[in-house]
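Peer 1: Following the hints, complete the assembly by docking chain B onto the known chain A.
Chains as they are written, first to last, in our numbering: chain A, 178 to 465; chain B, 9 to 263.
Quick caveat, the hints were computed from the structure, so don't treat them as lab data.
None of the values given here were measured: they were computed from a predicted structure.
Treat the hints loosely; a few may be bogus.
Computed footprint of chain B on chain A; a stretch qualifies when at least three of its residues, placed anywhere within it, have a C-beta under 8 Å from a C-beta of chain B [stated by the list, open to error]:
#	stretch
1	330-342
2	349-357
Some chain B residues near chain A, calculated using beta-carbon distances under 7 Å [what the hints assert, rightly or not]:
#	residue
3	Val-84
4	Gln-90
5	Asp-100
6	Met-109
7	Phe-112
Yeah, the Cβ is synthetic: ideal placement off N, Cα and C, and Gly gets one too.
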Amino acid sequence: MFIQQVINGLAMGCIYGLVALGFVLIYKATEIINFGQGDLMMIGAFLAFTCVNFLHLPFLLSLLIALVLMGFLGKIIDRFVLRPLVGEPAFAMVMATIAIGILLRSLGGMIWGYDTYKFSAGITDVPVRIGSWAVSSVNLWIMAITVLLIIVLYFFFNKTKAGVSMEAASQNQLAAYLMGIGVKKVFSNIWGISAMVAAVAGILLTPIQFLNYNMGFIGLKAFPAAVLGGFGSIPGAIVGGIIIGISESLAGIYLPRGFKEVFAWVILILVLMIRPEGLFGIHQKKRV
Amino acid sequence: MPMLELRNIEVSYGPVSVAKGISFKIEKGAMVTILGANGAGKTTILRTISGLIEPEKGKVLFEDQEIQGLEPEEIVKRGISQVPEGREVFPDLSVHKNLMMGAFIRRDQKEIGKDIQRIFGYFPVLHQRKDQLAYTLSGGEQQMLVIGRALASRPKLLLLDEPSLGLAPFMVKELFGIIKRINAEDGTTILLVEQNARMALSIAQHGYILEVGRIVMDDTTERLRENEDVQEFYLGMREEGVRGARRWKKKKQWR
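Bound conformation, chain A alone (with noise of 0.2 Å):
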């Protein structure tokens, strides 16, 4: 039971961190607070749906025209909501991404209805004996996937040279400037990066949640792992949406009922309270 149960909150936890690691790239290169993440996910888990049930394409295919239009979304945003916004103040930014947050879910609402769909992504629901352990094996590609796309995030920030130059530019936009990095070509980028993140995390959410146009709610709760691991830290929103995720699954079966839900806010406080900057906090960036 308990070990059933740390598998649970382990796949769910990958997917709080998938969308945890879309607010954490945006934030670390644009310094803006995306809160429409959560509804991006839910875009991204539908037009997979559009394409496999009402276009019948094979899974893989839909998959892919699913990230391909996400990343367009992602710059089209940055392009029309946020880039005129630069020099504006935080407040506006948040608003804005609230606003685009709101309209992305009524969108939504409009366009796929307000029904809960089922929609298992090709992925189906087989119980994996693992020594004396049955496992699903939905959670197993969930785990396998996240790690997956990890890597890739990690070899392409670290090894390409688009990457490399985006990276940089989080880092220090002046100097990334003087070398000669379109920085507004980078935000654009992220910006799809981030938007494809959150569709990979809408799809593997849907075999373990139903498809709806309110399911990206979800995405709020990526918001404390996100601080959990220290706001800006790619590492650490994985680790954060995992700790999360296992933490609200056991607070699910040994805590009184309704603790669940609040479990990951509980957990939200107490780091702004004992170690604000969070596990994977940053340290101090420049010597003078």
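Peer 2: Frame of chain A; chain B shown alone:
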């Protein structure tokens, strides 16, 4: 034809006018210095040249083409590289990656490798520390790193903004020695903005003196060093009067 020419550049930040019609020239292969106190507008001039600021009036000509108002990336591609004030490294990238980012606009992988070796030749300490993250370096090493990084784009014109700021005296001496070599050995044209007037006047060939947004003197550094006002106000030499007291009421001649 000068390599870089500024014609009547005017810049203001809101209502505050910082550059009030600045004109000067730099010949190819030269090392020119701009001296001035805090707030004289030195950094503003460099930022205008490298495209971070758009001037309200005036022209910046580089190799006979107007470059004012272009995006910074376009200006880097044309061969101007700025070392900003205050050691703006990429803190969480390794020294080697910082240098690679300096070569971001270039495509010739082989030549980049050679240039990085050449940069390690100038700054051997960077070679020793090439896998360390930049924020772990000392101040002097970070300054070497940003200069090396600027060289990695293989610039025709290198703009240096206060490279000696906050460095230990022996480090300043070493750094200026290397700057001199970069100018002499590679033939890179250098525009050096400094508060350390003594050092700057000893390595540059030509100097401009900037006071509150205007160029007030323009001469070879040899003659600037001889100038009474420069000696008193920039080199801090005292002239003893007949009564052995400093002439507190002395006015600068250019006022």
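Peer 1: Please name the hints from earlier in the document that this structure breaks, with their numbers sorted from lowest to highest.
Peer 2: none
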